[in-house]
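Colleague: So the protein lines, in turn, are chains A and B. Under my numbering, the very last position in the first sequence is 105; numbers go up by exactly one each time. Under my numbering, the very last position in the second sequence is 183; numbers go up by exactly one each time.
Source of the hints: derived by calculation from the structure; they are not laboratory data. Since we're looking at a predicted model, the values are computed, not measured. Possibly wrong hints are sitting among the right ones.
Per the computed footprint, the stretches of chain A lying under chain B, defined by three or more beta-carbons under 8 Å from a beta-carbon of chain B, are [claimed, not checked]:
id: 1; segment: 29 to 40
id: 2; segment: 85 to 91
id: 3; segment: 95 to 103
Cut-off 25 Å, straight-line C-alpha distance, at most; resulting in silico cross-link-like pairs (BS3-like, lysine-lysine) [to be verified]:
id: 4; chain 1: A; residue 1: K30; chain 2: B; residue 2: K153
id: 5; chain 1: A; residue 1: K43; chain 2: A; residue 2: K8
id: 6; chain 1: A; residue 1: K30; chain 2: A; residue 2: K12
id: 7; chain 1: A; residue 1: K28; chain 2: B; residue 2: K148
id: 8; chain 1: A; residue 1: K28; chain 2: B; residue 2: K129
id: 9; chain 1: A; residue 1: K(-1); chain 2: B; residue 2: K153
We treat Cβ as the ideally placed atom computed from N, Cα and C, and that holds for glycine.
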Amino acid sequence: DTEVTQTPKHLVMGMTNKKSLKCEQHMGHRAMYWYKQKAKKPPELMFVYSYEKLSINESVPSRFSPECPNSSLLNLHLHALQPEDSALYLCASSQVNLISTDTQYFGPGTRLTVL
Amino acid sequence: GQNIDQPTEMTATEGAIVQINCTYQTSGFNGLFWYQQHAGEAPTFLSYNVLDGLEEKGRFSSFLSRSKGYSYLLLKKLQMKDSASYLCAVGRGSTLGRLYFGRGTQLTVWP
Chain A
-9 DTEVTQTPKH LVMGMTNKKS LKCEQHMGHR AMYWYKQKAK KPPELMFVYS
41 YEKLSINESV PSRFSPECPN SSLLNLHLHA LQPEDSALYL CASSQVNLIS
91 TDTQYFGPGT RLTVL
Chain B
73 GQNIDQPTEM TATEGAIVQI NCTYQTSGFN GLFWYQQHAG EAPTFLSYNV
123 LDGLEEKGRF SSFLSRSKGY SYLLLKKLQM KDSASYLCAV GRGSTLGRLY
173 FGRGTQLTVW P
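The whole structure should be built from the sequences, with the hints applied where relevant.
Modeller: Next comes the structure, spelled out in structure tokens:
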């Protein structure tokens, strides 16, 4: 089973709204990732959690707030977003490997539109 | 950032073979990944190379030459459903867990 699930599939929100994106995996992976992807561009890394601790924050604006409540779940809390934040938000997970880069498995993504 | 280069677009016909190249310049190379991404969907893992040589997986093969900083993805017996973006991504030993993506190659397969 290499499934990562994400909810919701689509989200439309206003600039004053607060919403959350959710990601779940049951592969026993201890690293989880948030990516942002604009049309015709590669995924851009936002955050990495390793063993439920934030290990990488790619200078993401504070209107994006990640949370890892346990080893299977990853949330992304959104507040006061801008229209340019509209994108496909992808979650991924992988094993944690101390000597090599492990394969990341992606969820189907949340298509976010900010009005 | 890392210098990862792949062609922007390629076209081919059904049943043909296509080779998508990827070149990279990075220190501490720690593996090269190929992903397939259909429009509006998530990237799907295709292959991983960390040692030189060819890895074959059904209709798809991937090759790596570390000394040349070069990889290719070979797709045989193309099908219409192979129309997608193909992403080359590199891992580095100093930043484990992080993938550096190329811009992707949009492949269109014609009947």
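Colleague: Does the alpha-carbon distance linking K43/A and K8/A stay inside the 25 Å limit?
Modeller: Holds. K43/A to K8/A sits at ~23 Å (cutoff 25 Å).
Colleague: Taking 8 Å as the Cβ threshold, is the statement that the segment 85 to 91 of chain A is covered by chain B upheld or broken by the three-residue rule?
Modeller: With 6 residues close enough to chain B, the hint holds.
Colleague: Going straight from one Cα to the other, do K(-1)/A and K153/B come out at no more than 25 Å?
Modeller: holds (23 Å)
Colleague: Take a quick look at whether K30/A and K153/B sit within 25 Å of each other, Cα to Cα.
Modeller: holds (18 Å)
Colleague: Does K148/B lie within 25 Å of K28/A when you go C-alpha to C-alpha?
Modeller: Violated, because 29 Å separates the two Cα atoms, which is more than 25 Å.
Colleague: Do at least three Cβ atoms from the segment 95 to 103 of chain A come closer than 8 Å to Cβ atoms of chain B?
Modeller: holds (count 6)
Colleague: Does K28/A pair with K129/B here, judged by a C-alpha cut-off of 25 Å?
Modeller: Status violated; Cα separation ~30 Å.
Colleague: At least three residues with a C-beta closer than 8 Å to a C-beta of chain B: is that true for the segment 29 to 40 of chain A?
Modeller: Held - the segment 29 to 40 of chain A has 7 residues with a Cβ nearer than 8 Å to chain B, which meets the minimum of three.
Colleague: For K30/A and K12/A, compute the direct alpha-carbon distance and say whether it is at most 25 Å.
Modeller: holds (24 Å)
Against the hints set out earlier in the document, violations occur for numbers 7, 8.
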